[in-house]
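A.B. asks: Now for the letters of each chain:
There are 2 protein chains.
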Amino acid sequence: MAKNNRLIKALKREEVDRPPVWLMRQAGRYMKEYMAIRKQTPFLELCKTPKLAAEVTLQPYKRFHMDAVIIFSDILIPIEAMGMNLELSERGPVLDPPLRTREQIEKLSIPDPYEKTGFVMQVIKEVKDLINDEVPVLGFAGAPWTLASYMIEGGTSKNFIELKRFLFANPDALHLLLEKIAETVTVYLAAQIEAGADAVQIFDTWAGELSSADYKIFALPYLKKIISHLHQISNCPVILYTNGCAAIVEQMLETGADCLSIDWRIDMAEAKRRIGDRAAIQGNLDPCLLLAPAEIIEARVKENISKFGSGPGLVVNLGHGILPPTPPESVEIFVNAVKNYVKQ
Amino acid sequence: MAKNNRLIKALKREEVDRPPVWLMRQAGRYMKEYMAIRKQTPFLELCKTPKLAAEVTLQPYKRFHMDAVIIFSDILIPIEAMGMNLELSERGPVLDPPLRTREQIEKLSIPDPYEKTGFVMQVIKEVKDLINDEVPVLGFAGAPWTLASYMIEGGTSKNFIELKRFLFANPDALHLLLEKIAETVTVYLAAQIEAGADAVQIFDTWAGELSSADYKIFALPYLKKIISHLHQISNCPVILYTNGCAAIVEQMLETGADCLSIDWRIDMAEAKRRIGDRAAIQGNLDPCLLLAPAEIIEARVKENISKFGSGPGLVVNLGHGILPPTPPESVEIFVNAVKNYVKQ
Chain A
1 MAKNNRLIKA LKREEVDRPP VWLMRQAGRY MKEYMAIRKQ TPFLELCKTP
51 KLAAEVTLQP YKRFHMDAVI IFSDILIPIE AMGMNLELSE RGPVLDPPLR
101 TREQIEKLSI PDPYEKTGFV MQVIKEVKDL INDEVPVLGF AGAPWTLASY
151 MIEGGTSKNF IELKRFLFAN PDALHLLLEK IAETVTVYLA AQIEAGADAV
201 QIFDTWAGEL SSADYKIFAL PYLKKIISHL HQISNCPVIL YTNGCAAIVE
251 QMLETGADCL SIDWRIDMAE AKRRIGDRAA IQGNLDPCLL LAPAEIIEAR
301 VKENISKFGS GPGLVVNLGH GILPPTPPES VEIFVNAVKN YVKQ
Chain B
1 MAKNNRLIKA LKREEVDRPP VWLMRQAGRY MKEYMAIRKQ TPFLELCKTP
51 KLAAEVTLQP YKRFHMDAVI IFSDILIPIE AMGMNLELSE RGPVLDPPLR
101 TREQIEKLSI PDPYEKTGFV MQVIKEVKDL INDEVPVLGF AGAPWTLASY
151 MIEGGTSKNF IELKRFLFAN PDALHLLLEK IAETVTVYLA AQIEAGADAV
201 QIFDTWAGEL SSADYKIFAL PYLKKIISHL HQISNCPVIL YTNGCAAIVE
251 QMLETGADCL SIDWRIDMAE AKRRIGDRAA IQGNLDPCLL LAPAEIIEAR
301 VKENISKFGS GPGLVVNLGH GILPPTPPES VEIFVNAVKN YVKQ
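Here the protein sequences come in this chain order: A and B.
Position 72 of the first sequence, counted from 1, bears residue number 72 in this note's numbering, the numbering being contiguous throughout.
Position 134 of the second sequence, counted from 1, bears residue number 134 in this note's numbering, the numbering being contiguous throughout.
A hint or two may mislead.
To be verified - Calculated lysine-lysine pairs in the DSS-like style (CA-CA distance at most 27 Å, straight line):
id: 1; chain 1: B; residue 1: K158; chain 2: A; residue 2: K158
id: 2; chain 1: A; residue 1: K12; chain 2: A; residue 2: K39
id: 3; chain 1: B; residue 1: K216; chain 2: A; residue 2: K302
id: 4; chain 1: A; residue 1: K128; chain 2: A; residue 2: K339
id: 5; chain 1: B; residue 1: K32; chain 2: A; residue 2: K158
id: 6; chain 1: A; residue 1: K272; chain 2: B; residue 2: K272
id: 7; chain 1: A; residue 1: K39; chain 2: B; residue 2: K158
id: 8; chain 1: A; residue 1: K216; chain 2: A; residue 2: K3
id: 9; chain 1: B; residue 1: K12; chain 2: A; residue 2: K272
id: 10; chain 1: A; residue 1: K32; chain 2: B; residue 2: K158
id: 11; chain 1: A; residue 1: K39; chain 2: A; residue 2: K107
id: 12; chain 1: A; residue 1: K51; chain 2: A; residue 2: K302
id: 13; chain 1: B; residue 1: K307; chain 2: A; residue 2: K216
id: 14; chain 1: A; residue 1: K225; chain 2: A; residue 2: K107
id: 15; chain 1: A; residue 1: K9; chain 2: A; residue 2: K128
id: 16; chain 1: B; residue 1: K9; chain 2: B; residue 2: K272
id: 17; chain 1: B; residue 1: K12; chain 2: B; residue 2: K302
id: 18; chain 1: B; residue 1: K9; chain 2: B; residue 2: K302
id: 19; chain 1: B; residue 1: K216; chain 2: A; residue 2: K307
id: 20; chain 1: B; residue 1: K272; chain 2: A; residue 2: K216
id: 21; chain 1: A; residue 1: K216; chain 2: B; residue 2: K302
id: 22; chain 1: B; residue 1: K225; chain 2: B; residue 2: K302
id: 23; chain 1: A; residue 1: K339; chain 2: A; residue 2: K272
id: 24; chain 1: A; residue 1: K158; chain 2: B; residue 2: K225
Treat the hints as calculated values from the structure; they're not laboratory data.
Values in this document were obtained by computation on a predicted structure and should not be read as measured data.
Using the sequences plus the hints, can you model the full thing?
C.D. replies: Below is the structure:
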């Protein structure tokens, strides 16, 4: 157990002296320390070089002392291991050729996580060694729906036209794909937990693009399966993130996730009312807040914590990843605003 | 009053024999008739040529016989009239230079709608002449928040970084801008109603990017002001559209809009539960549905209508504009699925 175990306690809805704080994509382009390494190492190579990935993982912690570190990696790593061609850069991923037929889906394998993505477990071990049990180490994976979106679109997308065209025309083939991804993600996260991850986050970033009815069919069952398996093999808390979640909060609860990581559009007080004591809540400041003057950042953090109200189970975070133009000083102000909250 | 007055009745929550149907962006790139005209006329010139704009307005009606036509125009037309440089193409708008200072905002004028944008009123008159009172004619405008987003970002945006940076750093200047836009939009829509629009829709497309708390400050007051003025001068129904509205439905009701036009993420039954009899509801099929096989389109339309349940006040539409790759045949299937609903 980490010396600062606030995050794990909050995820389990146990009492803590103050809410823990970390930020999605806290290691990344907004830090000059990160850019110095990236200058010499392409993105995907960085993900696959445990020593460097561990170093990058620790960069934000060394500077801002969040209550957790999250391993530096990418949600598409297991997709490459399933048999797709992956190119990654900060401009966005390219998966070429994209999946458009059942035959392509049938050819995908369910990779052994140690054999094909052992470098990720190695990153976790390196980070665990370096962090010296100071704070918990988070592992993560993409959710089936979100990963399928990249695989079918061939990259990022605005309207997810190809994905939804496939959903309507080939629902059975899509279910086969989601099933294969779910199996892949399950063993991948289980391996991360075995390697030492203290909690894991499932990024279902694009599930907010589904209608509520389609979420029930194409997202919920696979999330349930993954989370229930992880709960069987360990007591490691599972966080579920979705961008644009206001229409599906109750369904996210049905996945069995220990904590719902929510975006900024939904009011924290309203989210608390809907979630109650059925899960912890992580979030949910607008990532653009970190472009604001210091006093605004501080005021909004306080407001966010007070909107959550009494009781355990709050993890302060953004509602989406840190934006590249974020000034590092703002991250410090954000983290300190949480740390100073209890002192008032 | 139009011979087919279903839309206006539904907007006023009066009984109709079946729900009316029309589609946002029903005149546009997916139609070869439209592309034939656009081949010879640049987008902005088309908007400013009443005879051509009226012809384009009627194209989808002539082919698919929706229950309404919406004038062919663009939400940024009044922004150019306020004093910004506007370039429009299907690739997206460019407003150069974008607004970044209070001084720039102070220089913007509140244009006389007849003097500066008289061609829009002329389009309405032309359409009214041509449509021969068969169906209602819709006018429209962008909402202050959504228009401000284009003015500050200088075009479309992914994360609205510059807009929100401005919001946090210069809230007073942003309020001045929103106030000026609100005044512009008010007289612009009043002129459209005077020219013969039977109903008007306010597009607050990007208000779903605001936190619920910021919506209350930067969107709601200006919408209230516009809608309350329009209600004072006429009994013309006002529709309010927002993409990604699940977190702000109750606030949208506070604007006083007669009808909330909602996106597909929120379940229609849930929207009806939250909205009740306080407004009509327009929507809310996923625009990607029109890329689906015919039987899926038909099934989803039926499901949508049945989820709305009993009572008046449903207008069937998409949850966002028609996507360019939409097959025209699918629009026909969509419209006919609504028309055939009562025949069962």
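A.B. asks: Against this structure, judge whether each hint is valid.
C.D. replies: Going down the list of hints, with the structure as the test:
1. For the given pair, K158 of chain B sits about 9 Å from K158 of chain A by alpha-carbon distance, which is consistent with the 27 Å threshold.
2. For the suggested pair K12 of chain A and K39 of chain A, the alpha carbons sit about 39 Å apart, so the restraint of at most 27 Å is broken.
3. Annotation: proposed proximity of K216 of chain B to K302 of chain A holds, straight-line Cα distance about 19 Å (limit 27 Å).
4. Taking the CA atoms of K128 of chain A and K339 of chain A, the gap is about 24 Å. The hint holds against a cut of 27 Å.
5. Taken as a hint, the K32 of chain B and K158 of chain A pair is honoured in the structure, with Cα atoms around 24 Å apart against an allowance of 27 Å.
6. Note on K272 of chain A and K272 of chain B: the hinted pairing holds, with a Cα-Cα distance of about 23 Å set against a maximum of 27 Å.
7. Of the pairs offered as hints, the one joining K39 of chain A and K158 of chain B holds, with about 26 Å between alpha carbons and a cut-off of 27 Å not exceeded.
8. Of the pairs offered as hints, the one joining K216 of chain A and K3 of chain A is violated, with about 39 Å between alpha carbons and a cut-off of 27 Å exceeded.
9. Restraint check for K12 of chain B and K272 of chain A: the C-alpha separation of about 35 Å exceeds 27 Å, so the hint is violated.
10. Annotation: proposed proximity of K32 of chain A to K158 of chain B holds, straight-line Cα distance about 24 Å (limit 27 Å).
11. For a cut-off of 27 Å, the pair hint linking K39 of chain A to K107 of chain A is broken: about 36 Å separates their Cα positions.
12. Of the pairs offered as hints, the one joining K51 of chain A and K302 of chain A is violated, with about 37 Å between alpha carbons and a cut-off of 27 Å exceeded.
13. For a cut-off of 27 Å, the pair hint linking K307 of chain B to K216 of chain A stands: about 16 Å separates their Cα positions.
14. Proximity of K225 of chain A to K107 of chain A is assessed by CA-CA distance (about 22 Å); at most 27 Å being required, the pair is judged to hold.
15. A C-alpha spacing of about 19 Å is found between K9 of chain A and K128 of chain A, which places the hinted pair at or below 27 Å, so the restraint holds.
16. For the given pair, K9 of chain B sits about 18 Å from K272 of chain B by alpha-carbon distance, which is consistent with the 27 Å threshold.
17. Between K12 of chain B and K302 of chain B the alpha-carbon distance is near 22 Å, which keeps this suggested pair within the 27 Å criterion.
18. At most 27 Å may separate the alpha-carbon atoms for a hinted pair to count; K9 of chain B and K302 of chain B meet this at roughly 21 Å.
19. In summary, the hint linking K216 of chain B to K307 of chain A is supported, as the alpha carbons are separated by about 16 Å, within the 27 Å threshold.
20. This hinted pair checks out: K272 of chain B and K216 of chain A have alpha carbons roughly 19 Å apart, not beyond 27 Å.
21. For the suggested pair K216 of chain A and K302 of chain B, the alpha carbons sit about 19 Å apart, so the restraint of at most 27 Å is met.
22. Straight-line distance between C-alpha atoms of K225 of chain B and K302 of chain B comes to about 36 Å, which puts the hinted pair past the 27 Å bound.
23. For the proposed pair K339 of chain A and K272 of chain A, the alpha carbon gap of about 21 Å is at most 27 Å, so the pair holds.
24. Between K158 of chain A and K225 of chain B the alpha-carbon distance is near 33 Å, which puts this suggested pair outside the 27 Å criterion.
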